[in-house]
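K.L.:
Chain by chain, the residues run as shown.
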Amino acid sequence: MSKRPTKLKDISKNTERLHTILSGDLPPLPYPYEDWEDKPISEIPESKRKGKDISLDGVMNLSVPIPKTEGEKAEMVAKFLSGLRKLLTQENNWTFLEPFLLSLDNCVKCNTCSEACPIFEMSGRAEIYRPLFRSDILRRIIKKYLSPTGKLTAKFTGADIDLNWETVARLAQLSYRCTLCRRCAQACPMGVDNGLITREIRKLFSQELGIAPAELHKEGTVKQLSTGSSTGISPVALMDLFEFMEEDITDRTGMNIKIPFDKPNADILLLHNAGEFLSWPENIEAFAIIFEMAGINWTLSSELVGYDSVNYGLFYDDIQLARVTLKHAEIAKKLGVKKVVIGECGHAHKAIMAIGDRIWLDGVNIPRESCFATLEDLILNERIMIDPERNNFPVTLHDPCNITRSMGIIQPQRNIIKKICPQFREMTPHGVNNYCCGGGSGFAIMQSNNFPDWRYQVSGRKKFAQLLNAFTKEEIDSKTNKYVCAPCSNCKGQIRDLLTYYDAWDKVRLLYGGLVELIVNGMTDVREGFLEWEFH
Amino acid sequence: MPWFEYDDGKKVEVDEDGFIQNPEEWNKELAIELAKTEGVEEMTEDHWKVANYLRDYYLEFGIAPMIRKLCKQTGFTLKQIYELYPSGPAKGGCKVAGLPKPTGCV
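Sequence order for the protein chains is X and C. For the first sequence, this note's numbering assigns the number 1 to the initial residue and increments by one for each residue that follows. For the second sequence, this note's numbering assigns the number 1001 to the initial residue and increments by one for each residue that follows.
The set of hints was computed from the structure by calculation and includes no laboratory data. Hints may be right or wrong, so weigh each one.
What the hints assert, rightly or not - Derived lysine-lysine pairs resembling PhoX-like cross-links, with alpha carbons at most 20 Å apart:
| # | chain 1 | residue 1 | chain 2 | residue 2 |
| --- | --- | --- | --- | --- |
| 1 | C | Lys1028 | X | Lys48 |
| 2 | C | Lys1011 | X | Lys50 |
| 3 | X | Lys52 | X | Lys73 |
| 4 | X | Lys263 | X | Lys350 |
| 5 | X | Lys48 | C | Lys1091 |
| 6 | C | Lys1069 | X | Lys258 |
| 7 | X | Lys507 | X | Lys39 |
| 8 | X | Lys48 | X | Lys13 |
| 9 | C | Lys1036 | C | Lys1069 |
| 10 | X | Lys507 | X | Lys462 |
| 11 | X | Lys48 | C | Lys1011 |
| 12 | C | Lys1049 | C | Lys1010 |
| 13 | X | Lys339 | X | Lys350 |
| 14 | X | Lys507 | X | Lys473 |
| 15 | X | Lys507 | C | Lys1079 |
| 16 | X | Lys52 | X | Lys68 |
| 17 | X | Lys9 | X | Lys48 |
To be verified - Listed next, with one range per pair, are the computed distances between beta-carbon atoms:
| # | chain 1 | residue 1 | chain 2 | residue 2 | range |
| --- | --- | --- | --- | --- | --- |
| 18 | X | Ser302 | C | Glu1033 | 37 to 43 Å |
| 19 | X | Glu115 | C | Gln1073 | 49 to 55 Å |
| 20 | C | Gly1075 | X | Glu75 | 55 to 61 Å |
| 21 | C | Lys1049 | X | His536 | 18 to 24 Å |
| 22 | X | Asp357 | C | Gly1039 | 47 to 53 Å |
| 23 | C | Pro1002 | X | Glu16 | 19 to 25 Å |
| 24 | C | Glu1083 | X | Ser302 | 35 to 41 Å |
Where a beta carbon is used, it is the ideal one built from N, C-alpha and C, also for glycine.
So that you can see chain X by itself, here it is in the shape it has in the complex (with noise of 0.2 Å):
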């Protein structure tokens, strides 16, 4: 592999691969990190792949049809093209054109974006991860091969990229190598959005030749409409699930609570990822212990897709995205619940408080709340009592980049933590200029073939590195818990899976958990000992 910068003309390149990530390319850790020696991100063998495409970076989490003969390349770059011209009318673009085409013209190439992105900074700054490599790319050829005289004018325009199936294939590939976290929106002087650059990039590929990840698209979406939910769970399986969680209550904390489904007329509707339920029930349990010793009237549903509350459709395809949501407004509306409450998960977050407006219309104009902001009334103004001195470790917070930066909800989960963790220190930077854990988008729920490697190695470095820097050298050396609070079911799935292959709750007693685990481990009300800190 030449280390000569790769060019964006070499993105239609007949070569094997435009970009290898070397161990040594990547910026090292801080203490006590310095010398950790990452594996190398693994080889997929021909006989794994199978004809699919992998010729952007070697590493796999799209499966990308390589065409066999001249008619399936031909009519790959076609599907593309014609596409790509959908996303640019009105009546094929009813959700992002209007951002989407200030992003392509606005740009005034000063690279700020790449400053500003994780994944090129910790990827030793490979050229193909520049946020600007592959909106450029897009933006040359919708100005060669969608302008009236490009082809004639390319040359002298700097259009000169050559549309071929290489091109096609890279560029899906390319559209999974950003996490979405749109930091690099925040940055730009010009307003100018790579995140959703990347995103309308997902979508032509699968609204338009049927190309995304199976963990978002078969197995995400597509489950979900028809089992009830993307984890697979069923009604039944979900009345086993929660007979589990209140038995599992009683357990931990002496109280007997009856988790409440499909009640009529509730104030409130709370909608959790059913993540939760498999990965992390004490969190369910925690919501379940603050509401009813808060004596809220709430309620949970039992119906398809209304006990999920995920909309992987955000990440990758507007139809998807508006099946699920209109599910979620049909049920509440069916419950006729006074408001619904949005649980520890940033894309639903942004799914159905932001995004899904233009769906929450007229008969369904449902109040939509996070959280947070529900959790902060209560704690703030005292319906539930806390003893800060039962959280007494060192705690920093995770900001999910949904609930953050893109929907600016910074200052309701600090008042939380300030209030009842007194060892809580911020991360630098945070709030809206925080780092994404490396697993958003659905990156963090990808497990196969490599890419867990670069999801760890690449995405996520940036966050381990921000963990390792948020305590102090003798709070790392001294080997106290500490607590990484990370309200988001994705972000958490990254972090347990970052702090596992970095080995971090052995070596520095790292562990992370949501933010209602923090508060019931301070009720006053609650036995003490919420909190197990064991690793799971």
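Dock chain C against the given chain X, drawing on the hints supplied.
P.N.:
Below, chain C alone, put in the same frame as chain X:
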């Protein structure tokens, strides 16, 4: 989809991570062979206790049980389950028990 071959000539379809595609094709001989791909050289009584619980739960509810329930019902701590199945209950455990790969934000 790739195939997993065992016992001189028998084969089952698996996904890219080696999870069998048709859970009804599962049998004990296959489980023993799948275990070897997950760093489990011998299926002891304790291994079977975990695998059987995972499998029975899956047959009843169509999903893998929550990890906490698995621990409570089998009496093993999560650490002990990792000692039995080094790649963890969701990966190694489920694969050996013939469950599909877990999906969603788990």
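K.L.:
Against the earlier hints, flag every one the structure doesn't satisfy and list their numbers going up.
P.N.:
1, 4, 8, 9, 12, 17
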